[in-house]
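Undergrad: Each chain is listed here by its residues.
2 protein chains.
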Amino acid sequence: MAELKLLGVSLSPFSRRVEWALKIKGVEYEFVEEELQNKSPLLLESNPIHKKIPVLIHNGKPICESMIIVEYIDETFEGPFILPKDPYDRAIARFWAKFFDEKCMPVMGKALFGSGEESDKAKEELGELIKILENELKDKKFFVGDKFGFADMAGNLMAYWMAIVEEASGNVFVTSEKFPIFCAWRDEYANCSPIKEHFPPREALLAHFNARFQAAAAASASK
Amino acid sequence: MAELKLLGVSLSPFSRRVEWALKIKGVEYEFVEEELQNKSPLLLESNPIHKKIPVLIHNGKPICESMIIVEYIDETFEGPFILPKDPYDRAIARFWAKFFDEKCMPVMGKALFGSGEESDKAKEELGELIKILENELKDKKFFVGDKFGFADMAGNLMAYWMAIVEEASGNVFVTSEKFPIFCAWRDEYANCSPIKEHFPPREALLAHFNARFQAAAAASASK
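Going line by line, the protein sequences match chains B and L.
Note that the numbering used here has the first sequence beginning at 1, numbered continuously upward.
Note that the numbering used here has the second sequence beginning at 1001, numbered continuously upward.
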């Protein structure tokens, strides 16, 4: 059997994308929990450029960058397809995956962890981005072909993590009154197999973000 | 025959990636030159989210984002493969394409068009990034499998545009003494068919960047 090792952090949405892809394919793997404050020599040597998780090591060869790993898994192992078969649908899936990673992710970071004016601006911008997603999801269960796939996977931070971060930070970006379609997508997501069996535990994530916001508040108070 | 229309800007490296992919596949297409100060209704309607070139319209369906379009072309048309066949090699090609777009591109922009301190910091950072590329290209003609492909295509700004921008701006980032391997890659690139027949004309690019730097200098002097 192929040796498959995933270097990751179990609460990270980036790691989870890869885990979900492996679960969808039904592939066995060894998960190696990394400490981001004290990265393992194996991680540093497997991803010398970015030094980031996740890294999938397949028969000794490392693959980096979560969505690139997901494509690798999709192309390498049998089982249900993660990217659709049709080239146009694939382009659409990649478009939204890129939108999540390059547009939504940095704005969410600034909205939540930025200071004052930067955070206010980012919150407004985040609302605009969710409006775009709301519009795209009109009449659709998932981003492409009504089947959970590549783009949805890339959107996991917004589909699952965000609500928990909202709770921890006291910032509410999304309500079902304001974004009913986006919320319906989130509900479909939460009920989708085999993803739903492999979310990180809600309580553990909440505790993690509570600690993070408390630390940020303490740092800001002591300035 | 399929109707294939490319909305682009002929001096843009992003447009060129798509043109090169179409040339490699030997596919006929209509090129529609866009004015970025006065975007066509077709562009705005085809890429309503980003409102950016290039957009490939294939049988009425728009595809956006240059490297996503290149993958679409690779998956849709017969002819030489742009991404390698092997999944691991594909992952490596995607890794370097992402590195160019997400790491090199923004740093180059800041190095060239940023002001004072920001620009100085970015110039230093750009040197570090070229060092990474120099190291990766050791003993290789191109990024994957010694054949011009996806990652090289994504690196076109650094392979062709950058030297011209250096000349126009008076900033020299790359010398063959400092980065001999990177320069050897650039030479291979310049001699590679069918790419070399489809670079934008050097003189036109130089005039474009000269005008841009003169305008920036005038704006800065009148502050």
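Check each hint, because a few of them may be wrong.
Claimed, not checked - Straight-line alpha carbon distances no greater than 27 Å define the calculated DSS-like cross-link-like pairs of lysine-lysine that follow: (1) K178(B) x K121(B); (2) K1051(L) x K1103(L); (3) K1005(L) x K98(B); (4) K1005(L) x K121(B); (5) K51(B) x K1178(L); (6) K103(B) x K1178(L); (7) K1178(L) x K98(B); (8) K1103(L) x K39(B); (9) K1085(L) x K1052(L); (10) K51(B) x K131(B); (11) K123(B) x K1103(L); (12) K121(B) x K131(B); (13) K85(B) x K1005(L); (14) K1023(L) x K85(B); (15) K1025(L) x K1110(L); (16) K138(B) x K123(B); (17) K110(B) x K1098(L); (18) K1138(L) x K61(B); (19) K52(B) x K1196(L); (20) K103(B) x K1098(L); (21) K1123(L) x K103(B); (22) K1131(L) x K39(B); (23) K98(B) x K1138(L); (24) K1110(L) x K103(B); (25) K178(B) x K1051(L); (26) K23(B) x K1147(L); (27) K1140(L) x K52(B); (28) K85(B) x K1178(L); (29) K61(B) x K1141(L); (30) K85(B) x K1131(L); (31) K85(B) x K110(B); (32) K121(B) x K1051(L); (33) K138(B) x K1141(L); (34) K52(B) x K1025(L); (35) K1051(L) x K1061(L); (36) K1140(L) x K61(B); (37) K1110(L) x K51(B).
Just so you know, these hints were derived from the structure itself, not from any lab.
Undergrad: All hints are to be evaluated individually against the structure, with a verdict given for each.
TA: Going through the hints against the structure:
About 19 Å separates the Cα atoms of K178(B) and K121(B), which keeps this hinted pair within 27 Å; it holds. Among the hinted pairs, K1051(L) with K1103(L) is consistent with the structure: their alpha-carbon atoms are about 22 Å apart, no more than 27 Å. Among the hinted pairs, K1005(L) with K98(B) is consistent with the structure: their alpha-carbon atoms are about 23 Å apart, no more than 27 Å. Only pairs whose Cα atoms come within 27 Å are accepted, and K1005(L) paired with K121(B) is rejected, the gap being roughly 37 Å.
Between K51(B) and K1178(L) the alpha-carbon distance is near 25 Å, which keeps this suggested pair within the 27 Å criterion. Restraint check for K103(B) and K1178(L): the C-alpha separation of about 35 Å exceeds 27 Å, so the hint is violated. Note on K1178(L) and K98(B): the hinted pairing is violated, with a Cα-Cα distance of about 34 Å set against a maximum of 27 Å. Annotation: proposed proximity of K1103(L) to K39(B) holds, straight-line Cα distance about 22 Å (limit 27 Å).
With a CA separation close to 30 Å, the supplied pair K1085(L) and K1052(L) exceeds the 27 Å bound. Of the supplied pair hints, the one linking K51(B) and K131(B) is violated, its CA atoms being roughly 34 Å apart against a limit of 27 Å. Between K123(B) and K1103(L) the alpha-carbon distance is near 25 Å, which keeps this suggested pair within the 27 Å criterion. Taking the CA atoms of K121(B) and K131(B), the gap is about 16 Å. The hint holds against a cut of 27 Å.
Proximity of K85(B) to K1005(L) is assessed by CA-CA distance (about 23 Å); at most 27 Å being required, the pair is judged to hold. At roughly 24 Å between alpha-carbon atoms, K1023(L) and K85(B) fall within 27 Å of each other, so this suggested pair holds. Straight-line distance between C-alpha atoms of K1025(L) and K1110(L) comes to about 34 Å, which puts the hinted pair past the 27 Å bound. The straight-line distance between the Cα atoms of K138(B) and K123(B) is roughly 23 Å, inside the 27 Å bound, and the hint therefore holds.
Between the alpha carbons of K110(B) and K1098(L) the distance comes to roughly 22 Å, so the proposed pair stays at or under 27 Å and holds. This hinted pair checks out: K1138(L) and K61(B) have alpha carbons roughly 19 Å apart, not beyond 27 Å. This hinted pair does not check out: K52(B) and K1196(L) have alpha carbons roughly 36 Å apart, beyond 27 Å. Of the pairs offered as hints, the one joining K103(B) and K1098(L) holds, with about 15 Å between alpha carbons and a cut-off of 27 Å not exceeded.
As the CA atoms of K1123(L) and K103(B) are separated by approximately 25 Å, the hinted pair is consistent with the 27 Å bound. At roughly 23 Å between alpha-carbon atoms, K1131(L) and K39(B) fall within 27 Å of each other, so this suggested pair holds. A hinted pair counts as satisfied when its Cα atoms are at most 27 Å apart, and K98(B) with K1138(L) does not qualify at roughly 30 Å. Restraint check: the Cα-Cα separation between K1110(L) and K103(B) comes to about 19 Å, which is no more than 27 Å; the hinted pair holds.
Pair hint K178(B) plus K1051(L) holds up; C-alpha atoms about 25 Å apart against a cutoff of 27 Å. Among the hinted pairs, K23(B) with K1147(L) is inconsistent with the structure: their alpha-carbon atoms are about 34 Å apart, more than 27 Å. Restraint check for K1140(L) and K52(B): the C-alpha separation of about 25 Å stays at or below 27 Å, so the hint holds. Between K85(B) and K1178(L) the alpha-carbon distance is near 45 Å, which puts this suggested pair outside the 27 Å criterion.
For the proposed pair K61(B) and K1141(L), the alpha carbon gap of about 21 Å is at most 27 Å, so the pair holds. With a CA separation close to 38 Å, the supplied pair K85(B) and K1131(L) exceeds the 27 Å bound. For a cut-off of 27 Å, the pair hint linking K85(B) to K110(B) is broken: about 36 Å separates their Cα positions. With a C-alpha separation of about 21 Å, the suggested pair K121(B) and K1051(L) falls inside the 27 Å cut-off, and the hint holds.
At most 27 Å may separate the alpha-carbon atoms for a hinted pair to count; K138(B) and K1141(L) exceed this at roughly 47 Å. The suggested pairing of K52(B) with K1025(L) is violated, with an alpha-carbon distance near 36 Å, which exceeds 27 Å. Using a Cα cut-off of 27 Å, the hinted pair K1051(L) and K1061(L) holds, with the two alpha carbons roughly 15 Å apart. A hinted pair counts as satisfied when its Cα atoms are at most 27 Å apart, and K1140(L) with K61(B) qualifies at roughly 19 Å.
At roughly 24 Å between alpha-carbon atoms, K1110(L) and K51(B) fall within 27 Å of each other, so this suggested pair holds.
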